[in-house]
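Student: Chain by chain, the residues run as shown.
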Amino acid sequence: MRVFGDEIKSNQKLKLVNSNYSFEPSEMGYFDLDFVPSNNLKTGEVGYIITGAKELSQIRVGDTLVSEEDESPVIVSGYKEPQPTVFSSIFPSDSDDYTKLRDSLDKYVLNDASFYYEPETSSAFGFGFRCGFLGLLHLEIVIERLEREFDLSLIVTPPSVEFKIVRNNDTEIIIRNPSEIEKYTDIKHLMEKYCEVNLLFPKEYLGSIMQLLSEKRGTQEDLNYLSTSMVKVRYKLPLLELVSGFYDTLKSISQGFASLDYEILDFEKGNLVKLDILVNGQIIDSFSSILAKENAEFVGRNRVKKLSELIPRQQFDIPIQAAVGSRIIARETIKALRKDVTAKLYGGDVTRKRKLLEKQKEGKKKMRQIGKVNVPKEAFRDFLKQ
Amino acid sequence: MLHNKNLRNISIIAHVDHGKSTLADRLIEMSGLIKPGEHVDQILDSMDLEREKGITIKSQPIRLQFEDLTINLIDTPGHVDFSYEVSRALIACDGAILLVDATQGIQAQTFAHSYAAIEAGLEIIPVLNKIDSIDADIENAKKQIFNLIGSKENEIFQISAKTGEGVEDLLVELPHLISPPEKKIDGVNALIF
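Chains as they are written, first to last, in the working numbering: chain A, 1 to 386; chain B, 1001 to 1193.
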């Protein structure tokens, strides 16, 4: 904390304005390499205070500390609250580890207040959590810390962002998970978050970077030369595009020379669709995503192709499809395993061969009607990894 | 006994990998808190992951004593994901050291953070880092700093946080360039950051 007013003494009764939590400090002091207790903190000092509060919610970063009897406290102007921008679902690799994951998250959030999570269920992975992160690096760090400090093995879905549903009666709902869309049937349109990106890079890369930005649905707002060699551009870009591989592509086309800064803007109406992946006619909920209509077909084709390579062949044909609403936009079929039923034939009329094949076809058809596809979890996990 | 006029609250801001934590290490060494060579790099980064990746995730304050001068130094993260940590640190400070890598010049977070510092009403000290590197383009970087915050050539410090070159000069000038914290509000009042 930083002292803006009079000296604070350790035997003084104090109060936090927002949470209205009163306490007598159990210890206060300065930061050395360690905590160094002191019996006062003078005006202008930076130090720490230990309150003995039991609930984390009683102490919020950005709160103002005043004397307990202060009735009209002056609030020191705060700063921007950390807002989660990137959302991803995490599941334990072994579903028995669910409680362990939950306990770990409960513990983890104590020293990273910017992290957000809520329970989620998926047909492919079972119980897990939908989590919010400050950005892609934060996501990576949180996952790594969870895996390391809590000895967990996790499945992480590709990052996405928040969307807003505008319903026919003009009420708005913010969703953090694409599957939530299903709950609403009267959707007028979808809105997505935008961000303002500032990019700095040597002028040689101007052409390829501008091309990338327009591919990612960006609109140019500003361009100027900082010196004869450096260019700074400002673009408005859908946040969704920023979190789906933009940074990596930027770094690779600029050979690492481009640097990026962004600020989150508000929601805007977007031409968005929900892309579902179906295996044997069943929607796999964790793979559903919301994306720009113009990208749906390309992404759909890619995902279907990838998934078809990962799911093992079964006794009957399995269609893997990508759908927008009820329209199928891509399909791959995993061919059935077949026994060579004609092996025992040694000749004779062709009808004998045909009969055996017809019989096999019948059997496969019947199996398909009643059969369930058992897709191993590993296939899904490998799919997400790519 | 601490006197306010001998107190300075300073944070270090810069783009990713421009040497914030390394400069913090040098300043800590100079205060005598730790002897050179007797510690790991990135003293203030207490998480394993921070050290491993060579990045700072959490803003970390430390109080340094230089004879009768006390400096509360706050090291900040450079990555854009953690810019709210920077805004936290800036509120607690009266001045900021704006570090620019002489080999790379101004980068996107240099912009973002220096605007944030100006908005917070902080005094900014421009410092060029990594001047010992063979790739350093000092003139160009200086020009860029001038365009950014209008600092004149001779107001820009040149240091190498790695070797410690120039850090001493910076430290001597610091208390003259940044004003001591003022009492802004009557009565007991403090901000949790």
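Keep in mind that a hint or two might mislead.
Subject to a maximum C-alpha distance of 30 Å in a straight line, what follows is the list of computed BS3-like cross-link-like pairs (lysine-lysine) [claimed, not checked]:
hint	chain 1	residue 1	chain 2	residue 2
1	B	Lys1035	A	Lys236
2	A	Lys232	A	Lys306
3	A	Lys232	B	Lys1152
4	A	Lys42	B	Lys1035
5	A	Lys9	B	Lys1005
6	A	Lys42	B	Lys1143
7	B	Lys1183	A	Lys203
Please keep in mind that the hints were generated in silico from the structure rather than gathered at the bench.
Student: Take the hints in turn and mark each one as holding or not.
Tutor: Going through the hints against the structure:
1. At most 30 Å may separate the alpha-carbon atoms for a hinted pair to count; B/Lys1035 and A/Lys236 exceed this at roughly 49 Å.
2. Between A/Lys232 and A/Lys306 the alpha-carbon distance is near 38 Å, which puts this suggested pair outside the 30 Å criterion.
3. Restraint check for A/Lys232 and B/Lys1152: the C-alpha separation of about 22 Å stays at or below 30 Å, so the hint holds.
4. With a C-alpha separation of about 29 Å, the suggested pair A/Lys42 and B/Lys1035 falls inside the 30 Å cut-off, and the hint holds.
5. The suggested pairing of A/Lys9 with B/Lys1005 holds, with an alpha-carbon distance near 20 Å, which does not exceed 30 Å.
6. For the hint linking A/Lys42 to B/Lys1143, the alpha-carbon distance of about 40 Å lies beyond 30 Å, and the restraint is violated.
7. For the hint pairing B/Lys1183 with A/Lys203, the CA-to-CA distance comes to about 47 Å; that exceeds 30 Å, so the pair is violated.
Comparing the model with each numbered hint stated earlier shows that hints 1, 2, 6 and 7 do not hold.
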